[in-house]
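Note that the protein sequences, when read in sequence, are chains A and B.
Our numbering applies: residue 1 is where the first sequence begins, and numbers increase by one.
Our numbering applies: residue 1001 is where the second sequence begins, and numbers increase by one.
Hints listed in this document are in silico derivations from the structure and should not be mistaken for laboratory results.
Do not take every clue at face value.
What the hints assert, rightly or not - Lysine-lysine pairs mimicking PhoX-like chemistry, simulated, CA-CA at most 25 Å apart: (1) B:Lys1138 x B:Lys1119; (2) B:Lys1059 x A:Lys177; (3) B:Lys1143 x A:Lys120; (4) B:Lys1088 x A:Lys33; (5) B:Lys1113 x A:Lys189; (6) B:Lys1058 x B:Lys1122; (7) B:Lys1122 x B:Lys1069; (8) B:Lys1119 x B:Lys1069; (9) A:Lys177 x B:Lys1113; (10) B:Lys1056 x A:Lys195; (11) B:Lys1113 x B:Lys1143; (12) A:Lys35 x B:Lys1075; (13) A:Lys80 x A:Lys126; (14) A:Lys35 x B:Lys1056; (15) A:Lys195 x B:Lys1113; (16) A:Lys180 x A:Lys109; (17) A:Lys126 x A:Lys195; (18) A:Lys170 x B:Lys1058; (19) B:Lys1138 x A:Lys33; (20) B:Lys1058 x A:Lys33; (21) B:Lys1056 x A:Lys180; (22) A:Lys107 x B:Lys1119; (23) A:Lys195 x A:Lys35; (24) A:Lys120 x A:Lys195; (25) B:Lys1088 x B:Lys1059; (26) A:Lys126 x A:Lys55; (27) B:Lys1075 x A:Lys33; (28) A:Lys55 x A:Lys189.
Unchecked claim - Taking CB as the label site, the calculated pair distances span: (29) A:Ser40 x B:Ser1050: 18 to 28 Å; (30) A:Gly100 x B:Arg1104: 41 to 51 Å; (31) A:Glu130 x B:Lys1056: 25 to 35 Å; (32) A:Glu130 x B:Ser1050: 16 to 26 Å.
Ideal Cβ placement from N, Cα and C applies to all residues, glycine included.
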Amino acid sequence: MAKRAAPEVNAGSMADIAFLLLIFFLVTTTIEKDKGLLRSLPPIDDTEVEPPIIKQKNLFTVLVSRDNQLLVEEELMELKDLRRAAIDFLDNGGGTNAAGESCTYCKGKRDETSSDHPDKAIISMKHDRETSYEKYIEVQNELVAAYNFLREREAQRLYNRSFQSMLEEKEKNQFNKDEKLNEQITVIKTLFPLKLSEAEPDK
Amino acid sequence: MSKFKKGGKSELPAISTASLPDIVFMLLFFFMVATVMRDSSLMIENILPSADQVEKLKKDRTAFIYAGKPSSQYKQLGEEPRIQFNDKFIDVDEVQPSVLEAQRALTEELQPKFVVGLKVDKETHAGLVSDVKQELRKANTLKVMYVTNVESKQ
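The following block holds chain A by itself, in its conformation from the complex (with noise of 0.2 Å):
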């Protein structure tokens, strides 16, 4: 027999070694993304000043109690009530603001017994040591997303784009600021500002 060349190694099969390598990498990869609630903590204050009095009507109270029971205004209530409890004390307006201006954007129920202005409505939230944090997140999700809520509507009838679409934008256009925009955002967050508290639990 006569010497033959080597033959050339075929390299047809190297597409299919690397698609599934490929794949393999498609499946497993998660591009994660994390997401959650973002909460500011109040700064330590040591000075001795005498907090400012706050009527009981202007405080909505949620109590989560050790077998993660809910307690709103001393009354037990379910987590899927929380949110439209929320709105409605928040949105009521009933009197007037520290400048002595009444809500005119609230189209709550102007109940005399409940918040005077989303300028003064306070929520305020306390958990006991025991609570689970799952029911913490729960509650505190319904709580943002009251809030949430109202500045949706007030966007809408405002701008009338979503206030979520405006935030997102501005998270876009983080390095050429747009004064408009940001001016739109700052108004609506100051018809409800975000006013939650937490009291720390009984040790």
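Please arrange chain B on chain A, whose structure you already have, making use of the hints.
Relative to the frame of chain A, chain B by itself:
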């Protein structure tokens, strides 16, 4: 004229697939680079709670604090939820120095925007979380993100 006809194959040559592996490798490398492996291995159980009113977290300015029950490999530590920070268990009073250290490691512009991401197992009791928050207040790192899974809207 006949010069051009010499090798005279009338059929079309097959399209070369030799560059296909290159293309696929390019994709492969992209995914290999884009894949982020979990940077600290968890020593605790960590099933996050769910929420739908979420915001995105910016990774560049965040330090994570994990908390939850020790996982099965660390059974000897008991059932009580523990705090984990960068591959080790820490006590509540170590939270403050650890967080401040993490903040110092950031670039100067990002330091004031420092966020602490709390990845806490949903079975943990909220008392531990409030202890951690108290420490964060002492450290004056006031921005906190409760990292959650995103629940689809019903």
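Status of each hint after checking the structure:
Among the hinted pairs, lysine 1138 (chain B) with lysine 1119 (chain B) is consistent with the structure: their alpha-carbon atoms are about 20 Å apart, no more than 25 Å. Note on lysine 1059 (chain B) and lysine 177 (chain A): the hinted pairing holds, with a Cα-Cα distance of about 22 Å set against a maximum of 25 Å. The straight-line distance between the Cα atoms of lysine 1143 (chain B) and lysine 120 (chain A) is roughly 23 Å, inside the 25 Å bound, and the hint therefore holds. Pair hint lysine 1088 (chain B) plus lysine 33 (chain A) holds up; C-alpha atoms about 23 Å apart against a cutoff of 25 Å.
Only pairs whose Cα atoms come within 25 Å are accepted, and lysine 1113 (chain B) paired with lysine 189 (chain A) is accepted, the gap being roughly 20 Å. Taking the CA atoms of lysine 1058 (chain B) and lysine 1122 (chain B), the gap is about 22 Å. The hint holds against a cut of 25 Å. For the hint linking lysine 1122 (chain B) to lysine 1069 (chain B), the alpha-carbon distance of about 10 Å falls within 25 Å, and the restraint holds. A C-alpha spacing of about 12 Å is found between lysine 1119 (chain B) and lysine 1069 (chain B), which places the hinted pair at or below 25 Å, so the restraint holds.
Among the hinted pairs, lysine 177 (chain A) with lysine 1113 (chain B) is consistent with the structure: their alpha-carbon atoms are about 18 Å apart, no more than 25 Å. Of the supplied pair hints, the one linking lysine 1056 (chain B) and lysine 195 (chain A) holds, its CA atoms being roughly 21 Å apart against a limit of 25 Å. The hinted pair formed by lysine 1113 (chain B) and lysine 1143 (chain B) meets the criterion: a straight-line CA distance of about 8 Å does not exceed 25 Å. Restraint check: the Cα-Cα separation between lysine 35 (chain A) and lysine 1075 (chain B) comes to about 30 Å, which exceeds 25 Å; the hinted pair is violated.
Annotation: proposed proximity of lysine 80 (chain A) to lysine 126 (chain A) holds, straight-line Cα distance about 18 Å (limit 25 Å). Taking the CA atoms of lysine 35 (chain A) and lysine 1056 (chain B), the gap is about 5 Å. The hint holds against a cut of 25 Å. Our distance criterion of 25 Å between C-alpha atoms is met by lysine 195 (chain A) and lysine 1113 (chain B), whose separation comes to about 21 Å. Proposed proximity of lysine 180 (chain A) and lysine 109 (chain A) is contradicted: the alpha carbons are some 33 Å apart, above 25 Å.
A distance of roughly 14 Å separates the Cα atoms of lysine 126 (chain A) and lysine 195 (chain A); the hinted pair therefore holds under the 25 Å criterion. About 15 Å separates the Cα atoms of lysine 170 (chain A) and lysine 1058 (chain B), which keeps this hinted pair within 25 Å; it holds. Our distance criterion of 25 Å between C-alpha atoms is broken by lysine 1138 (chain B) and lysine 33 (chain A), whose separation comes to about 29 Å. Of the supplied pair hints, the one linking lysine 1058 (chain B) and lysine 33 (chain A) holds, its CA atoms being roughly 9 Å apart against a limit of 25 Å.
A distance of roughly 23 Å separates the Cα atoms of lysine 1056 (chain B) and lysine 180 (chain A); the hinted pair therefore holds under the 25 Å criterion. Only pairs whose Cα atoms come within 25 Å are accepted, and lysine 107 (chain A) paired with lysine 1119 (chain B) is rejected, the gap being roughly 38 Å. With a C-alpha separation of about 22 Å, the suggested pairing of lysine 195 (chain A) with lysine 35 (chain A) holds against the 25 Å cut-off. Of the supplied pair hints, the one linking lysine 120 (chain A) and lysine 195 (chain A) holds, its CA atoms being roughly 8 Å apart against a limit of 25 Å.
Simply put, lysine 1088 (chain B) and lysine 1059 (chain B) have alpha-carbon atoms about 20 Å apart, close enough for the 25 Å limit, and the pair holds. The straight-line distance between the Cα atoms of lysine 126 (chain A) and lysine 55 (chain A) is roughly 18 Å, inside the 25 Å bound, and the hint therefore holds. Pair hint lysine 1075 (chain B) plus lysine 33 (chain A) does not hold up; C-alpha atoms about 30 Å apart against a cutoff of 25 Å. As the CA atoms of lysine 55 (chain A) and lysine 189 (chain A) are separated by approximately 23 Å, the hinted pair is consistent with the 25 Å bound.
Look at serine 40 (chain A) against serine 1050 (chain B): about 22 Å separates their beta carbons, and that is inside 18 to 28 Å. Separation of glycine 100 (chain A) from arginine 1104 (chain B) is about 47 Å and conforms to the stated range, judged on CB atoms against 41 to 51 Å. Under the hint 25 to 35 Å, the C-beta atoms of glutamate 130 (chain A) and lysine 1056 (chain B), about 32 Å apart, fit the expected range. Distance hint check: the CB atoms of glutamate 130 (chain A) and serine 1050 (chain B) are about 21 Å apart, consistent with the given range 16 to 26 Å.
The earlier numbered hints that this structure contradicts are 12, 16, 19, 22, 27.
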